[in-house]
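J.: Please assemble the complex out of the two chains, which come individually in their own frames, going by the hints.
Protein chains in written order, with the numbering used here: chain A, 45 to 221; chain B, 8 to 200.
The hints are simulated quantities; they were obtained by calculation from the structure and are not laboratory data.
A couple of the hints might just be wrong.
Said to hold, decoys possible - Capping the alpha-carbon separation at 27 Å, the derived lysine-lysine pairs in DSS-like fashion look like this: (1) A:Lys108 <-> A:Lys216; (2) A:Lys216 <-> A:Lys132; (3) B:Lys65 <-> A:Lys155; (4) B:Lys191 <-> B:Lys91; (5) A:Lys216 <-> B:Lys191; (6) B:Lys91 <-> B:Lys188; (7) B:Lys133 <-> B:Lys17; (8) A:Lys108 <-> B:Lys65.
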Amino acid sequence: MAHLQVLPDTGNEGPHGRERFFLEIRNRHKWLLDNTGERVLLYQRKYVVTPNQPRSSDWDNVRKRARQHGQDPVASGYGTGIEGGYFKPIEIMVRVVSNQQQVIVEDVGRKFHYLPRSWTLWEPLLNNGDFIVRRNNQRLRITDVTQHRWKHYVLHQDFNLTFIEPDSPIYKIPVDL
Amino acid sequence: MSNAFQINTKVRNAVILNLRRVFTGDPIYPYVETPSGELDYDNSALSINDIIPHDHGKWPSIVVDTVSGPEQRYLGPDTLGDSKDANHQTIDDRLFASLPLTVNISIYTIEDSIARDELPDRVYDKFKLITDDLADAGVEIQRTSFPPVTRTYIDDRWFIVARLTLDVYVEWEDDLGVGDKVEKIPITISFMP
Numbered sequence: 045m046a047h048l049q050v051l052p053d054t055g056n057e058g059p060h061g062r063e064r065f066f067l068e069i070r071n072r073h074k075w076l077l078d079n080t081g082e083r084v085l086l087y088q089r090k091y092v093v094t095p096n097q098p099r100s101s102d103w104d105n106v107r108k109r110a111r112q113h114g115q116d117p118v119a120s121g122y123g124t125g126i127e128g129g130y131f132k133p134i135e136i137m138v139r140v141v142s143n144q145q146q147v148i149v150e151d152v153g154r155k156f157h158y159l160p161r162s163w164t165l166w167e168p169l170l171n172n173g174d175f176i177v178r179r180n181n182q183r184l185r186i187t188d189v190t191q192h193r194w195k196h197y198v199l200h201q202d203f204n205l206t207f208i209e210p211d212s213p214i215y216k217i218p219v220d221l
Numbered sequence: 008m009s010n011a012f013q014i015n016t017k018v019r020n021a022v023i024l025n026l027r028r029v030f031t032g033d034p035i036y037p038y039v040e041t042p043s044g045e046l047d048y049d050n051s052a053l054s055i056n057d058i059i060p061h062d063h064g065k066w067p068s069i070v071v072d073t074v075s076g077p078e079q080r081y082l083g084p085d086t087l088g089d090s091k092d093a094n095h096q097t098i099d100d101r102l103f104a105s106l107p108l109t110v111n112i113s114i115y116t117i118e119d120s121i122a123r124d125e126l127p128d129r130v131y132d133k134f135k136l137i138t139d140d141l142a143d144a145g146v147e148i149q150r151t152s153f154p155p156v157t158r159t160y161i162d163d164r165w166f167i168v169a170r171l172t173l174d175v176y177v178e179w180e181d182d183l184g185v186g187d188k189v190e191k192i193p194i195t196i197s198f199m200p
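Chain B extracted, bound-state conformation (with noise of 0.2 Å):
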């Protein structure tokens, strides 16, 4: 990872990919693939989306979105973590960063205030589960927090969105590799004629 927006970026993929594993054989809330990885319509009871909530119009969906904090990169001299052999090629070029992120997951039902409590908990209890995952991940959950619910009536219907607010801390690494190795350095002399 090179940049603080892909690890924003595959944080939330992390997070939705191990959502849908841990949904996959509840009870209640299966969440269920085709064979080509579709979501399977028939047999799943929820969607597990990214940002957009949008994509398959189908209740209650979960939806995962993340929000990058400041980056905090050690500020030292360009060669820390490099080291090099006896050629001066660089063998290993190390880089190291970390990034709190908010992770907010959205779970949108209609008129079910009972999925509306059962699926934020169990949410958060799966996190539980998972915290090892995570770390093996470097991901760290520092604090979770309940924002409030809301709700908008549409068609005689009452659509509510349930949030779960996960303060996550990061950390990664990344080894650029071997350098270039420097066999000779090509000087051209030209002499009069």
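For reference, chain A alone in the conformation it holds in the complex (with noise of 0.2 Å):
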């Protein structure tokens, strides 16, 4: 989930006098976006369990997996193992920067390999496990998360998006674009 972050202090130049160039650089990141991104719907994984969010019916307490493959209709946790498996979404910006669409055979099958380095602004963070929408229902998991800094406060974020195939059980997952 995303937590707010506690900004430097930027009044008075703040306590060393640079702070200032913090919102700037923000800022040129957030006009960069603006011009060149994308606008996708995020999901953000569910990983931790609490009463609000317990275990889905899928979970298999013996393997602590989660179902992916199969047809049971009362599967609801899409693979994570948490009811509801993700947080509602939300529409942020990104930038995907065009790649090499390769097909691979690997010992495990025909895998379609597609891993454009992508980023988008501070908030909200970004984790391995995540996926976004884009307008054409393509869904893309979000790996390798970067999260470039300035001291601790986060600039913007790297990442790689993977396709996601289309038996996932994320596209169970209905979206409303």
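T.: Written out as structure tokens, the structure reads:
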């Protein structure tokens, strides 16, 4: 889940007199993304079990895994093992950098490789395992998140996107485009 | 069937077709085809293919491959099983051979150790159910084993391959049918002018 970040003290130019540059860097990232990014829906994966988000019915307590395949009408965790699986979507701007698309034959089968190195703003904070939905209902998993920071404040986030095969439970999540 | 390669292929095809048949009504992993015989992507929970696991890019995927052992052919006179009528016409020409085969079944899943366990169980159970069908086709399962599961980590996910190996013994016979009828022996004699 996204947490609001504590901003540096920019009043009176901060304790070191350089904090005002921080806001300007963020503003320029925002300007860049407004001009070159695309609007997508971000689904953030649930990782923590709480009374409000219990284990889903497809959780296997022996293997400590949730079912990914098969047709289970009561499965409600979409492969995460937690009820609902993902938080409500957030509309964000993302710059998906064009990249080579390849079909590679792995030992595990035919795999569609497409790993555009993409970036977005400082919030919401991304985690590996989140996914985005594009306008054409294409769903891409977020991996290799890198947070670029100034001191400990996030300025922007880089990440990779990978294709999700159409028979993944993620495609069973209803999306209102 | 006229040679060992064909029996190898036909056993593989028979295993694939039978697996598709028995998975058709499976409550969790149904195999569904469209009226035209294509894999129904929307309603099918798995694919069942031949030697190449890359045809469909669909998971989970069951892939069947067969490896032939040495053919056991009866070494006797060529005329064994050969019967002729009073005119020396071959009316029955029967061949017999047998072959030990290894049927390798690989089950590909992604991040799903539940399906990794359930699918080999189901395949094993379903082979027990179709023992008579296999026997009618001349296939007998001698031994079933479960080689180790392998895993590959790609793009933040584990791709898991579970396996079953069936050692089977296959017998088949063929009838080459009625031979040519010899009605006359054409001999041309030329006279000197």
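J.: Hint by hint, where does the structure go against what was stated? Just the numbers, ascending.
T.: 5
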